[in-house]
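Residue numbers (this note's numbering), protein chains in the order written: chain P, 1 to 450; chain H, 451 to 985; chain B, 986 to 1268.
A few of these clues could be false.
Stated by the list, open to error - Simulated pairs of lysine-lysine, DSBU-like, Cα-Cα distance not exceeding 35 Å:
no.: 1; chain 1: H; residue 1: Lys634; chain 2: P; residue 2: Lys72
no.: 2; chain 1: P; residue 1: Lys31; chain 2: H; residue 2: Lys613
no.: 3; chain 1: P; residue 1: Lys31; chain 2: P; residue 2: Lys334
no.: 4; chain 1: H; residue 1: Lys826; chain 2: P; residue 2: Lys337
no.: 5; chain 1: P; residue 1: Lys337; chain 2: H; residue 2: Lys636
no.: 6; chain 1: P; residue 1: Lys376; chain 2: P; residue 2: Lys334
no.: 7; chain 1: P; residue 1: Lys334; chain 2: H; residue 2: Lys514
no.: 8; chain 1: H; residue 1: Lys531; chain 2: B; residue 2: Lys1097
no.: 9; chain 1: H; residue 1: Lys605; chain 2: P; residue 2: Lys163
no.: 10; chain 1: P; residue 1: Lys31; chain 2: H; residue 2: Lys692
no.: 11; chain 1: B; residue 1: Lys1054; chain 2: H; residue 2: Lys876
no.: 12; chain 1: B; residue 1: Lys1101; chain 2: H; residue 2: Lys459
no.: 13; chain 1: P; residue 1: Lys435; chain 2: P; residue 2: Lys103
no.: 14; chain 1: P; residue 1: Lys31; chain 2: H; residue 2: Lys598
no.: 15; chain 1: H; residue 1: Lys598; chain 2: P; residue 2: Lys241
no.: 16; chain 1: B; residue 1: Lys1120; chain 2: B; residue 2: Lys1097
no.: 17; chain 1: B; residue 1: Lys1248; chain 2: B; residue 2: Lys1175
no.: 18; chain 1: H; residue 1: Lys751; chain 2: H; residue 2: Lys732
no.: 19; chain 1: B; residue 1: Lys1120; chain 2: H; residue 2: Lys459
no.: 20; chain 1: P; residue 1: Lys151; chain 2: P; residue 2: Lys376
no.: 21; chain 1: H; residue 1: Lys636; chain 2: H; residue 2: Lys605
no.: 22; chain 1: P; residue 1: Lys334; chain 2: P; residue 2: Lys103
no.: 23; chain 1: P; residue 1: Lys390; chain 2: H; residue 2: Lys876
no.: 24; chain 1: H; residue 1: Lys843; chain 2: H; residue 2: Lys543
no.: 25; chain 1: H; residue 1: Lys624; chain 2: H; residue 2: Lys605
no.: 26; chain 1: P; residue 1: Lys157; chain 2: H; residue 2: Lys605
no.: 27; chain 1: H; residue 1: Lys456; chain 2: B; residue 2: Lys1120
no.: 28; chain 1: P; residue 1: Lys399; chain 2: P; residue 2: Lys435
no.: 29; chain 1: H; residue 1: Lys556; chain 2: H; residue 2: Lys541
no.: 30; chain 1: B; residue 1: Lys1089; chain 2: H; residue 2: Lys876
Hints listed in this document are in silico derivations from the structure and should not be mistaken for laboratory results.
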Amino acid sequence: MKQLLSKITLWATALGLFSATLTAEMLDVEKTELKFGFIKLTDCAPIVIAKEKGFFSEEGLQVEVIAQPNWKTLLDNVISGNLDGAHMLSGQPIAATIGFGTKAHIITAFTMDLNGNGITVSNAIWEAMQENDWDLDVDQPEHPISADALKPIVEEKLIAGEKLQMGMVFPVSTHNYELRYWLAASGIHPGMYTTTDIGGRTDAEVELSVTPPPMMPATLEAGNIQGYCVGEPWNQQAVAKGIGVPVTSNYDIWKNNPEKVFGVTYKWAQENPQTHLAVVKALIRAGKWLDATDENGVLVNREEAARILSRPDYVGADYDVIKNSMTGYFYFQKTDKRPMPDFNVFFKYYCTYPWYSDGIWFLTQMRRWGQITEAKPAEWYFETAKEVYKPAVYLEAAKLLLAEGNIDEADIPWDTDGYKAPTSDFIDGILYDAKDPIGYLNSHDIGNKD
Amino acid sequence: MSIKYKILKAIDVAGLNFLRPVILLCYGEEPEEQIRKIGLFIAVPIMAFCLFLYLWGLFAPMHKTKSGEVPTPSVVWDSAKGVWAFHVREKNKANAYNLEGDSRDKLLEQAQTRLSELEPMVARVNEQLAEADGAMQSSLASKIEPIKAELDSSKNAMREAQKARQADLQARAKAIAADDTAAKEKLLEDYRAHLAQIETERESLRSYEEQIDEIHNADFPQRAEAIRAQSAIAEERQYLVKLIDTLENNRQQKLSDIETRLEGFESSYYEASGADLLKHAKSITRTESLMVNAADSEYAKPMTLPDQVLRSVACVFAGFLVASLIAIPVGIVCGLSPIMMSALTPFIALFKPVSPIVWLPIFFIIVGGFIPDPDKHWLIAGLAELPLIGWMKINPAFIASALTVAMCSLWPTLVNTALGVASIDKDHINVARVLRLGFWSRLIKIVIPSSLPLTFAGLRISLGVGWMVLIAAELLSSSEGLGKFVWDMFNNGSSQTFAQMFVVVFVVGIIGLLLDRIMIVFQRLVSFDESPTSI
Amino acid sequence: MEKPIIQLENVSVGFGPESDRTEVLTDVNLRVMENEFVSIIGFSGSGKSTLIGLLSGLVKPDTGAVFCKGREATEPGPDRGVMFQNYSLLPWLTVYGNIELASKQVFPNLSKAELKEHVEHYIEMVNLTPAIEKKPHELSGGMRQRVSLARTLSIKPDIMLLDEPLSALDALTRANLQDEIIRIWEEDKKTVILITNDVDEAVLMADRIIPLSPGPNATLTESYNVGLDRPRDRTTLNHNPEFIELRNAITQSLMAMNAEAKKLRSNTELVMPDIRPLDLSAA
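Please construct the entire structure, taking both the sequences and the accompanying hints into account.
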């Protein structure tokens, strides 16, 4: 009798599931077994969460999530078809599509997160910066910290015939542009890319070089670089190990800047449109799960997410270290723990929508620093952004999710033209209007002007 | 032949000669001599290893860097257990996806029971951690505050003094007349003294800062213990939740869901009529294809260390096989023909010293060129269907790594084979001439057998080289295997990283040892003279 | 006149370039009749092995020619079975394997069973059946030489060329093998050319003995016919006056040739300083 009862309850649950999925017409995916690549950074969370919380599986997808050693290999693996898709730097699909570096048509229909990076300098540089600006020499200096206190150090080094060395993760990474922006905003020239100088060091006062994210703390400690710009947990790691001091987060350089995207090749998307849709659906749900808050605005799922990310096959860093930034806190020094609720944004502010304006900002930075070698008309910027960013796929996935009741109407900017409102939320206060890329380029002191 | 002789022969061929005195002792031959030998060949190595472990445990904690501390043997052992636990859990999840019927229900019930046991413990460990945290904070604060206060006060005093000196200098500077060279010189001197003083003051402050740093970085065992306890419980809980989730949504469940749905669609199809028919038909066909997909689906299990070890071994053997297939024939040709030897010598000399790190990207591009779309390529698809290695998901990265192994490891075999063939006994050739053996039978019956011992010596070196190269190749190609494990764990930068490296050291060492032993056995089997193989 | 089964005509062999040539054998003539047992005797280093090489075809003459059964022979072949000085057994094969390899090559038409029987027959012939599955390195020198003999016999050569086959063996084994070779020769009545440095052995075994003058420029000299009756009994032979006379004559002729050669050689030899190294261990 008892057995019968338990059987009935089992059937009841099965039926319950059935009725829940009945409205959710499963997509007829072309491919059920997928391989996605990621770099060991906390902002890979949407992919990992979509897998671990079963969002992929509910779309009928079995996804393998595979760590990649560096951004270049990750991109190559996506292009060569070893991976179906990957956690990518926003600049990567754009650069690949316009042919800076490896040429391949990569598209994105999903922005994974906002913010999440920091600039860390070595202890010695931090001390010198404190000497230059006594206001920094307190337990909790006022933010944002600009590179003004760094400028005298750079100049001193230049007189001695040396250049300050800083690390970033990839030539077309957000980190590169953010670090350059931060330096240039204080009048420090970070160097130009030219056709002959693909290292981007022409006229540099501070030389930037590529180091894979997980190698950053070790490279800093070894003294090969004196600072770096990287995502989490590699800034918190520096604090935990006492080898460096994060001076600013990219939230302070540009409030709510786009960070990573989910990239696939154009060819893959063409061959697997339903699969692509299913993946974007799962990712949107993962984003929403990550940013879920209770009535007090506290992020409720982030500790669980940090626990999942700390697994060795995902980010693998200590839970303690990952937890800091993921739960909305950030240690700038051991004595300086601050709440940073928007350090990682995975869903709020319509963040997952693939904005054309985001793409155009990266294009302007590529032009500003000479990665795009010749002047282009404004139309080119609009066209290129359209080639890479695919809001149509995103909106279709969102529609399906809305019908299933997995998201709310207010979660998605249904009627946007793909351009965010002009903003001057930058560290130097310059206005960015995506509809006028040329004007934006010309408003900076350092860098190419058209 | 007596059993004793057979056993001795077997351990001799297997290269396990250190067991010889044990066997002889069992037969009661010269017990004293055997015991002496056992002491020398078995007890001494074991003692040396124990001593090594002891010294390691003794000295490891003394060495600390900012990146972490050198793990002790027990930490490494714990880490190895952790790696194994991860493997077991992933395997269980993968199995859970395939379970049906009673076994599924049973596992589900087990997991749920265990989960309900854990729930109260979660709160407890969280509490303990909070407590430990509080204790640490207050302890830190009590230790740091006095130093901090001292630091702040002396810093302020110094800054005040600096400002005063600066102002004083400024005032004097204003008063100096344009032609008062002596006063100007004095000012410059004082300014220098001022700067030097700032430097010494800064120096004195630094010692305070170092003290504070030290306090911050000091271990706090109670908290570390609490974190460990919390992690252990939280990880198990997370595993159980996922296990239950997998069981509840496993293949069987999905299939039965879809089946019910299909039945629904079918009944509504037969009830419907007119224009709706096609719409319903579409639903049916789509559901059918969903069913096919679900039936084929597998849990996407991440590669765990044991899988990676097997895949690495497969990779090294694949590379070794390719290397042998190239090196032995080329070596024979070189040994037979001075012209070929002379033609190939520059290539051997040129390519032999090239590092695997250089070969890998080249092979990557070459392999990528042949396999543009791995998922649809016949070779990859074919390999995935093979029974024993199908699960390894052989991909271009695997092939490129194997080829890199081949490229780096073929030289010893090639050179040794050429040497073996070239140095064949003239008398053996005379025998062949008298018997009028043709080219092929001379090659197969005389030349190859007589060069085999040297060839196998070369193969043994090749396999050793290949195993070393493989780790580097996998690390670079991120082909799943030990190399990728090393790189991933290094990239994790967690407190476990160093311990995991040590685990890998032992895993790699033991497998390398086994591979070498296997080759020794082969070498012994083909060697026709009594000369012992070097160990 | 009866045709010789193997014949050397004005054969010379040397090594080295024109300017610094060493003639090993000069102007060698040899005629061996069918079923004859000829022994060639000479000092070590006089070119005996080169002579075997010439007869077997392994060494090509610089001038002159080698005829085998009336035809010029330029290549070695199984019709002239060679028993090498150092056995030349293939170390990776067993006794059986060594003989099988040779037999199979020479008699490719034998069925498996016939081949097995054939091989076993010859192993039996040299009394090695118990060691049939052993490898050469597990055998004593005498056993190895017997394997070598069996291999040479198993290919049923018309002529057997024995290159100092017994020189490395102890006296007892040697005597045994001598008897065995004679027995087999008497059974099969093959042509045998035995190279040796042992006069007793030559007289005991051969029909005809040809001394080889010491090299360089070695050549065959006048031959001695051995008229002793067969079977020859080595125990009584030592007291046979004919045997003693023959042995002394051959020995003397060899000694004389050696003295002559030394005289010739000393002209070209460097005069060594007359100092000897001190033997410290003797002190």
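Comparing the hints with the structure gives:
1. H:Lys634 <-> P:Lys72: 60 Å, violated
2. P:Lys31 <-> H:Lys613: 72 Å, violated
3. P:Lys31 <-> P:Lys334: 48 Å, violated
4. H:Lys826 <-> P:Lys337: 51 Å, violated
5. P:Lys337 <-> H:Lys636: 48 Å, violated
6. P:Lys376 <-> P:Lys334: Given pair Lys376 (chain P), Lys334 (chain P) is violated - Cα atoms ~47 Å apart, limit 35 Å.
7. P:Lys334 <-> H:Lys514: 19 Å, holds
8. H:Lys531 <-> B:Lys1097: 60 Å, violated
9. H:Lys605 <-> P:Lys163: 31 Å, holds
10. P:Lys31 <-> H:Lys692: Since the Cα atoms of Lys31 (chain P) and Lys692 (chain H) sit roughly 24 Å apart, the hinted pair holds (cutoff 35 Å).
11. B:Lys1054 <-> H:Lys876: 28 Å, holds
12. B:Lys1101 <-> H:Lys459: 29 Å, holds
13. P:Lys435 <-> P:Lys103: Holds, because 26 Å separates the two Cα atoms, which is no more than 35 Å.
14. P:Lys31 <-> H:Lys598: 61 Å, violated
15. H:Lys598 <-> P:Lys241: 20 Å, holds
16. B:Lys1120 <-> B:Lys1097: 22 Å, holds
17. B:Lys1248 <-> B:Lys1175: Cα-Cα ~40 Å, so violated.
18. H:Lys751 <-> H:Lys732: 33 Å, holds
19. B:Lys1120 <-> H:Lys459: Given pair Lys1120 (chain B), Lys459 (chain H) holds - Cα atoms ~15 Å apart, limit 35 Å.
20. P:Lys151 <-> P:Lys376: 32 Å, holds
21. H:Lys636 <-> H:Lys605: 28 Å, holds
22. P:Lys334 <-> P:Lys103: 44 Å, violated
23. P:Lys390 <-> H:Lys876: Violated, because 76 Å separates the two Cα atoms, which is more than 35 Å.
24. H:Lys843 <-> H:Lys543: Holds. Lys843 (chain H) to Lys543 (chain H) sits at ~19 Å (cutoff 35 Å).
25. H:Lys624 <-> H:Lys605: With a Cα-Cα distance of about 28 Å, the restraint between Lys624 (chain H) and Lys605 (chain H) holds, given a limit of 35 Å.
26. P:Lys157 <-> H:Lys605: 26 Å, holds
27. H:Lys456 <-> B:Lys1120: The hint holds at about 17 Å.
28. P:Lys399 <-> P:Lys435: It holds: about 27 Å lies between the C-alpha atoms, which stays within 35 Å.
29. H:Lys556 <-> H:Lys541: 17 Å, holds
30. B:Lys1089 <-> H:Lys876: 22 Å, holds
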